[in-house]
Amino acid sequence: MQIKVNDREIEIFSGACVKDALRKFSRREWKQVQQNRKAAFDRHGHEIGLDGELNGGEEIFIKSIELDKPQP
Amino acid sequence: MKNIIPTTIRTRLLPLVLVAVLAFLSCASLPPVPADTRIVIFHSNDVHGKIDNFAKVAAIIDAERKSGADVFYFCAGDNFTGNPVIDQYVPPGEPILELFNRLGLDLLCPGNHEFDFGLENLKKFAARARFPFVCANIQAGDLLPLLRPSLMLATKGGVKIAVFGLIQIEAGNGLPSTHPDRVKGLVFSEPLAKAKEMKKLRAAGHVLVGLTHIGYEDDLVLARQMPELDVIIGAHSHTRVDPAEVVNGVLVTQAGGDNRFLGRVEFLVRGGRVVEKKGGLIELSGPMAEDAEVKGMIDRFNRNPAFAKVIVTAPLAITGKDALGSLMTDAMCRTHGLDIAFQNGGGIRLNHLPQQITIKDVYTLDPFGNQVVQLAMTAAEIRGLILNSFEKGGNIDLQVSGISYVVRTDNLRHVKEIRLSDPDGKPLDESRQFQVGISSYVASAYDFAHRDPGRSLQSTTAEALIRYLQSNIDLNMYRDIKRAFWEKTIEYPRP
Numbered sequence: 001m002q003i004k005v006n007d008r009e010i011e012i013f014s015g016a017c018v019k020d021a022l023r024k025f026s027r028r029e030w031k032q033v034q035q036n037r038k039a040a041f042d043r044h045g046h047e048i049g050l051d052g053e054l055n056g057g058e059e060i061f062i063k064s065i066e067l068d069k070p071q072p
Numbered sequence: 001m002k003n004i005i006p007t008t009i010r011t012r013l014l015p016l017v018l019v020a021v022l023a024f025l026s027c028a029s030l031p032p033v034p035a036d037t038r039i040v041i042f043h044s045n046d047v048h049g050k051i052d053n054f055a056k057v058a059a060i061i062d063a064e065r066k067s068g069a070d071v072f073y074f075c076a077g078d079n080f081t082g083n084p085v086i087d088q089y090v091p092p093g094e095p096i097l098e099l100f101n102r103l104g105l106d107l108l109c110p111g112n113h114e115f116d117f118g119l120e121n122l123k124k125f126a127a128r129a130r131f132p133f134v135c136a137n138i139q140a141g142d143l144l145p146l147l148r149p150s151l152m153l154a155t156k157g158g159v160k161i162a163v164f165g166l167i168q169i170e171a172g173n174g175l176p177s178t179h180p181d182r183v184k185g186l187v188f189s190e191p192l193a194k195a196k197e198m199k200k201l202r203a204a205g206h207v208l209v210g211l212t213h214i215g216y217e218d219d220l221v222l223a224r225q226m227p228e229l230d231v232i233i234g235a236h237s238h239t240r241v242d243p244a245e246v247v248n249g250v251l252v253t254q255a256g257g258d259n260r261f262l263g264r265v266e267f268l269v270r271g272g273r274v275v276e277k278k279g280g281l282i283e284l285s286g287p288m289a290e291d292a293e294v295k296g297m298i299d300r301f302n303r304n305p306a307f308a309k310v311i312v313t314a315p316l317a318i319t320g321k322d323a324l325g326s327l328m329t330d331a332m333c334r335t336h337g338l339d340i341a342f343q344n345g346g347g348i349r350l351n352h353l354p355q356q357i358t359i360k361d362v363y364t365l366d367p368f369g370n371q372v373v374q375l376a377m378t379a380a381e382i383r384g385l386i387l388n389s390f391e392k393g394g395n396i397d398l399q400v401s402g403i404s405y406v407v408r409t410d411n412l413r414h415v416k417e418i419r420l421s422d423p424d425g426k427p428l429d430e431s432r433q434f435q436v437g438i439s440s441y442v443a444s445a446y447d448f449a450h451r452d453p454g455r456s457l458q459s460t461t462a463e464a465l466i467r468y469l470q471s472n473i474d475l476n477m478y479r480d481i482k483r484a485f486w487e488k489t490i491e492y493p494r495p
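Which chain is which? The protein sequence lines are A and B, in order. Per my numbering: the first sequence = residues 1 to 72. Per my numbering: the second sequence = residues 1 to 495.
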């Protein structure tokens with residue numbers, strides 16, 4: 001299925017979670033998410049959990065977070 | 001009197017007027033209720049076995065109940081799968097069942113992971129639950145007799161709350177995201193289409209709630225197509241919606257995932273109509289009051305005796321990445337009927353399994369909760385995967401089942417050739433497609449060309465190993481086993 005991460009289209013297996021899409025998108029970005037320096041958000045600016053289940057066509061945005069406070 | 005409304009507008013307005021009149025008559029048919037009723041609905045979703053915060057949830061809900069408001073607690077599904085200590089409990093789902101019974105859960109909309117322990121287990125779970133299941137787009141018949149499409153709850157003063165449930169289905173097979181064998185016999189229909197049939201509930205309840213497990217994006221579509229709803233309490237996408245959004249007049253909310261948040265929606269019903277509504281999330285990570293009894297239950301569940309249960313006594317300790325990787329990949333092949341399977345070295349977290357292998361040992365060996373992903377691959381694509389794995393660390397990385405392979409390099413570790421052999425030692429058929437199993441980690445972190453994007457089998461690599469070890473296999477074969485080889489050719493500079 002096709003997912004967009006930071007506006008770039010990636011193809012990933014069906015049944016993938018947010019963390020799978022982030023890993024596929026960029027090892028560097030994924031590391032920063034693991035270190036809680038960045039987080040994943042949907043197209044509406046809501047934070048999404050790393051185990052959130054994805055459907056084809058969804059969009060994810062990786063953004064910096066300021067301490068514990070998400071900045072959509 | 002002259003009619004001043006043009007005919008076209010009259011034609012368009014007439015159905016709306018009729019709907020309004022019918023709605024008024026329907027509301028008028030509801031019994032009278034007190035002038036003001038404050039209703040609080042707490043909600044959880046996508047708990048995935050993360051039970052530790054339920055002592056805080058219990059304290060919050062109990063405090064609200066003592067405040068005099070009409071308090072309800074709903075769950076929008078996916079309570080299983082994600083915490084091995086809880087997932088391996090016997091009987092399956094027991095900690096969730098006991099905790100929800102104690103917390104006084106009012107309703108559960110099943111998510112796709114409610115089926116992860118199979119239908120028979122879910123049936124037993126439902127039979128002992130002190131809360132009903134609600135989902136409109138599952139036709140279960142006798143398979144889940146306690147499931148209802150919708151339900152009517154009432155406050156102490158008689159305000160009626162109509163709730164219907166919806167579960168997601170996959171575009172490909174029309175089933176929720178779980179292994180198809182686990183939902184055999186159930187009939188699922190498209191959730192957003194089914195929701196349209198639920199509009200009739202508006203007439204029966206003062207408050208109309210959609211308790212959904214379809215993901216935030218589809219919750220927004222539902223809100224746009226169904227302004228009759230007062231609130232959509234969602235799940236599946238683990239979206240942290242805080243505060244709740246108002247879309248087309250409908251409050252839409254979801255409480256993230258993994259029990260990190262408790263959702264709270266509040267209504268003010270005046271004269272039988274919702275006049276105020278708001279929603280937000282309560283973060284459960286900080287220090288806060290805990291219910292001592294529930295804390296005790298959680299501590300007991302976390303000491304799961306089944307986790308220490310010996311699955312099998314092997315004739316020998318299984319030692320080294322070659323043996324353990326062979327065991328893990330054989331488990332994937334056998335459990336899921338695959339031709340070939342791969343396991344990355346970094347995902348093998350023990351150097352040996354003792355003779356008496358417990359469930360805890362399996363989850364120590366394979367702790368990441370990776371799913372098995374199935375892809376159709378050619379020999380050339382398999383070579384590409386092995387090449388990428390070798391180049392990542394300049395060494396053999398992938399352990400394998402179903403084939404053996406040799407990576408031949410020069411003395412600078414440049415790969416010159418990758419030879420693939422079938423179990424009889426013959427070169428692998430280059431014209432065939434093979435059903436290959438890899439972990440979701442390898443599928444997403446390794447860079448290799450493959451035409452088939454693959455699909456998750458909705459089962460973890462650790463679960464495959466447990467099932468394999470339970471199947472009376474001869475573990476002697478894992479003595480001195482090796483299937484992946486590195487052949488270094490020393491090349492001298494040409495004279």
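Be aware that a few hints might be false.
Computed list of lysine-lysine pairs in DSBU-like fashion (alpha-carbon distance at most 35 Å, straight line) [claimed, not checked]:
(1) Lys156/B with Lys124/B
(2) Lys482/B with Lys31/A
(3) Lys19/A with Lys156/B
(4) Lys482/B with Lys38/A
Treat the hints as calculated values from the structure; they're not laboratory data.
Verification of the hints:
For the proposed pair Lys156/B and Lys124/B, the alpha carbon gap of about 31 Å is at most 35 Å, so the pair holds. Simply put, Lys482/B and Lys31/A have alpha-carbon atoms about 33 Å apart, close enough for the 35 Å limit, and the pair holds. Between Lys19/A and Lys156/B the CA atoms are separated by roughly 44 Å; this puts the pair beyond 35 Å, and the hint is violated. For the hint pairing Lys482/B with Lys38/A, the CA-to-CA distance comes to about 41 Å; that exceeds 35 Å, so the pair is violated.
Violated hints, listed in ascending order, are 3, 4; each of the other numbered hints is respected by the structure.
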